[in-house]
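Here my numbering runs 196 ahead of the position in the sequence shown, where the first position is 1.
No wet-lab data here; the hints were simulated from the structure.
This structure is a prediction, so every number in the text was calculated from the model and none was measured.
Be aware that one or more of the hints could be misleading.
[Said to hold, decoys possible] With a cut-off of at most 27 Å between alpha-carbon atoms, the simulated DSSO-like pairs for lysine-lysine come out as follows: (1) 250 x 330; (2) 354 x 224; (3) 339 x 250; (4) 250 x 304; (5) 224 x 314; (6) 314 x 234; (7) 234 x 330; (8) 269 x 234; (9) 265 x 232; (10) 339 x 224; (11) 234 x 339; (12) 330 x 314; (13) 224 x 304; (14) 310 x 229; (15) 269 x 229; (16) 269 x 259; (17) 304 x 265; (18) 331 x 254; (19) 265 x 331; (20) 254 x 353; (21) 304 x 234; (22) 353 x 269; (23) 265 x 234.
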Amino acid sequence: MKKINYTFVFLILASCHFFNPIGESSMKRVEVKPEKQKLIGEWELDSFSYSFIKEQEKSFTEKTLLVLKEEGKFLLENFPNHDTFGNLTETDFIDVDGEWTIRESSNKEFWDLKLEFKINQDRNRSLVFQLYDKKDLGLILWKSIGDPDSGNRLLFKK
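Produce the entire structure from the sequences given, and follow the hints as far as they go.
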């Protein structure tokens, strides 16, 4: 019985529940709604994100850019179009525009950035980026691709 108890305690302590699933102590989810001005401007992917995209699509050479405009509009250029499982779809990269908002996360503890746009005339789509504060970069936009525990992600920095 003691072995089972020790195993249970070990599994609880070793789980991701008590740790940042991202594995970075220099990053913290944004708990206070950020001012709109902090988000407005041009955002570009970091080098890890570009490496991740190139692993999936060897011919990828262009820059991915997100422009958040003051009036709540955005432009997203050359964005990798992943499905729910983290695989690129038949339209590997998309250029879209639409509206952006700052919203509470589903658990109401943190803040996210939501982009809403249309892919075709009939099909509405949205992307949600988690907002983080990173010591060396300030505010960043984080999007897990596929299973968050896999470590595959896209990170936009200003």
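Here's how the hints hold up against the structure:
1. 250 x 330: Status holds; Cα separation ~25 Å.
2. 354 x 224: Judged against 27 Å, a Cα distance of about 17 Å means the pair holds.
3. 339 x 250: holds (17 Å)
4. 250 x 304: It is violated: about 35 Å lies between the C-alpha atoms, which goes past 27 Å.
5. 224 x 314: Distance of about 31 Å is beyond 27 Å: violated.
6. 314 x 234: holds (25 Å)
7. 234 x 330: Given pair residue 234, residue 330 holds - Cα atoms ~14 Å apart, limit 27 Å.
8. 269 x 234: Measuring from Cα to Cα gives roughly 15 Å; hence the hint holds.
9. 265 x 232: Between residue 265 and residue 232 the Cα gap is close to 10 Å, so the pair holds against 27 Å.
10. 339 x 224: Holds, because 14 Å separates the two Cα atoms, which is no more than 27 Å.
11. 234 x 339: Holds, at roughly 18 Å.
12. 330 x 314: Violated: residue 330 and residue 314 sit about 31 Å apart, past 27 Å.
13. 224 x 304: Between residue 224 and residue 304 the Cα gap is close to 15 Å, so the pair holds against 27 Å.
14. 310 x 229: It holds: about 13 Å lies between the C-alpha atoms, which stays within 27 Å.
15. 269 x 229: holds (19 Å)
16. 269 x 259: holds (20 Å)
17. 304 x 265: holds (25 Å)
18. 331 x 254: Violated: residue 331 and residue 254 sit about 32 Å apart, past 27 Å.
19. 265 x 331: holds (25 Å)
20. 254 x 353: Holds - the C-alpha atoms of residue 353 and residue 254 are around 23 Å apart, at most 27 Å.
21. 304 x 234: With Cα atoms ~21 Å apart, residue 304 and residue 234 stay inside 27 Å; holds.
22. 353 x 269: Judged against 27 Å, a Cα distance of about 18 Å means the pair holds.
23. 265 x 234: holds (11 Å)
In this structure, the earlier hints numbered 4, 5, 12 and 18 are contradicted, and the remaining ones agree with it.
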